[in-house]
Amino acid sequence: MTTPLLSVENIGRSFGGFVALADISASFAPRQVTAIIGPNGAGKSTFFNVLSGVLPPSTGAIRFKGKDLTGLRQHKFVHLGIARSYQITNIFPELSVHENVRVAAQAFVARYDVFSNRTRYGALDEKANAALAAVGLHAKGHRTAKALAHGEQRALEIAIALVADPELLLLDEPTAGMGPEETKDMVALIERLAAERTILLVEHKMKMILGLSDRILVLHHGRLIADGTPQSIQTDKEVRRVYLGQNDGYA
Amino acid sequence: MPPSPASAAAPPLAAQTGVKATGFGAMLQRWRVPLSVLALCLLPWVLPSQALAVNVLVFGLFAVGYNLLFGYTGLLSFGHAAFFGGGAYLTGIAIAHFGLGWFPAMLVGVLGAGVLAAIMGALSIRTRGIYFSMVTLALSQLVYYVALQASAWTGGENGLRGFTVSTINLFGFTVDFLDPVKKYYVLMVFAALALWFVSRLLNSPFGAVIEAIRENETRARACGYDVERTKLIVFILSGLICGLAGALSALHLAIVPLDTLHYQTSGLVVMMTLLGGAGSFFGPFVGALVFLLIEDVASLWTSHWQLIVGLIFIAFVLFLPKGIWGTLISRRTQG
Ligand SMILES: Nc1ncnc2c1ncn2[C@@H]1O[C@H](COP(=O)(O)OP(=O)(O)OP(=O)(O)O)[C@@H](O)[C@H]1O
Ligand SMILES: [Mg+2]
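So the sequence lines, in the order shown, correspond to chains A and B.
Position one of the first sequence corresponds to residue 13 (this note's numbering), numbered consecutively onward.
Position one of the second sequence corresponds to residue 52 (this note's numbering), numbered consecutively onward.
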């Protein structure tokens, strides 16, 4: 195995007395798609929050390209190469689609420039257009973000993450609330992105995961109960027990 | 909806940003600084009194500074009297106790307000929502009590007096500062400079950042912006502008009443900003103008004028939440 892009060592996170994540250790090789599955409340989003700096871990350490990220403030993560989308669509609703992506790109060139004109950074417009084209929204740049359809908003959020040119992309249920058509588009998009980037993906749709991922991690009650190829996960006894009686489309 | 400053500047790509700019809206955007300066120039001749014109100038600028934080960044401070009053007191004290000239005294007032804003901002910026409002309120009350107690410096309850500036020297010309018209135009130059700065800031990349923070703080942070630091910078810039408004007020009145620091003054600027339209460039001045006009007219009829102002304010919040200017703008651009 090549040197891992990301590794977590004994990560844990508690809220008060409640343990949402306990003792997770794993390494992630570059350019792989890893799915993270588990029943509701298993700690999947909490895991992503820890990996993206939203929440500091209560225990353990995160290494990204050999650098210890533990305790780093959230806004630094994207500058190091970790970008994410959220389970609940998280965009700038009143801004135009183009401006949503442009302002995300601007974070890498001008954060405190009070004096020059925005138009001075014309390259940002091209970057924004490229990211929008990558998710198929290039024709909708002028629309107000909140006026987009649900699936388009999810795609816009990915464009916002993508314009940072991240090495690691965290996608928290990118197809949440989508119908079959929109889901198909999203799967195609993720497949395209996977050619160049490392992707961690939280999903409930098993069929989609089995087709997309190189590897699957299974969380249950904050613990990592299985970690392996899609084939090995499908036959794992413990996983079957956890999902028994659940209607997640697994059975 | 706040206008997107970017839409004014370069036609093809910038036209994709923010709100669609119609001809009229874009024209207003592009010429907003000259237009506001023109309006300010005319003010003394169209309002019932000179005194009212200066008040609109001073409180309009106060509201412009406040709007930067509240309207554009989305932080509801209840403590901005500290910067307005702080600027006024420090200007007065610099003249009365240290014999400084009017201009260096103004600088002391403005920079002093900036320092005060840096301290108050550092203590309040990490709190959210109502807690932020309460912390700013409490800190400004602290400033109020310091001014009340330090009467040797501030004149305590009687306010600060004894720093009348009767003539000023402008590039070798002596200007009679007791002449209300001349005084108005001298003060206006500073307000105009501040407006130019605010307009420039809104057009800048930094302007895009604060817009993004107001829109969605979590997303702005995930995009790689240090939200706390950005807010602190806006807080300080807002304090500097409000301090300038206070300094102008001190030079104009030649007295600083203790009420300048009272929380009612903080409430006043919130009302003016909301009345005119938070998050719009002209809104704060329109709000100050309308508020002071109502006060001027209503106080002639009845001693209960505050009741009338209050009722009008409530009507606005309920029926025109975008304020006067904000409503006009959105009618034009969406219609
Ligand atoms: N900020 C928080 N404060 C308190 N408890 C939290 C917080 N965030 C998550 N939790 C709790 O931690 C547990 C795991 O939540 P998490 O959102 O990580 O689950 P999940 O696996 O993403 O579930 P879902 O499939 O429903 O999205 C839940 O019981 C949740 O209530
Ligand atoms: Mg979740």
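Accuracy of the hints is not assured; some may be wrong.
Over the 12 Å line for every Cβ pair with chain B, so calculated as not near, a few chain A residues [unchecked claim]:
(1) Ala95
(2) Thr195
(3) Gly223
Rough simulated footprint, nothing fancy, chain A against chain B, three-plus residues with beta-carbon under 8 Å [to be verified]:
(4) 256-269
(5) 273-280
Hint data in this document are derived by calculation from the structure and do not stem from the laboratory.
Think of the CB as a built atom: it goes at the ideal place given N, C-alpha and C, for glycine as much as any other residue.
To see whether the hints hold, each was checked on the structure:
{"no.": "1", "hint": "Ala95", "verdict": "8 Å, violated"}
{"no.": "2", "hint": "Thr195", "verdict": "23 Å, holds"}
{"no.": "3", "hint": "Gly223", "verdict": "28 Å, holds"}
{"no.": "4", "hint": "256-269", "verdict": "holds (count 10)"}
{"no.": "5", "hint": "273-280", "verdict": "holds (count 6)"}
The structure fails to meet hint 1 from the earlier list, while all remaining hints are met.
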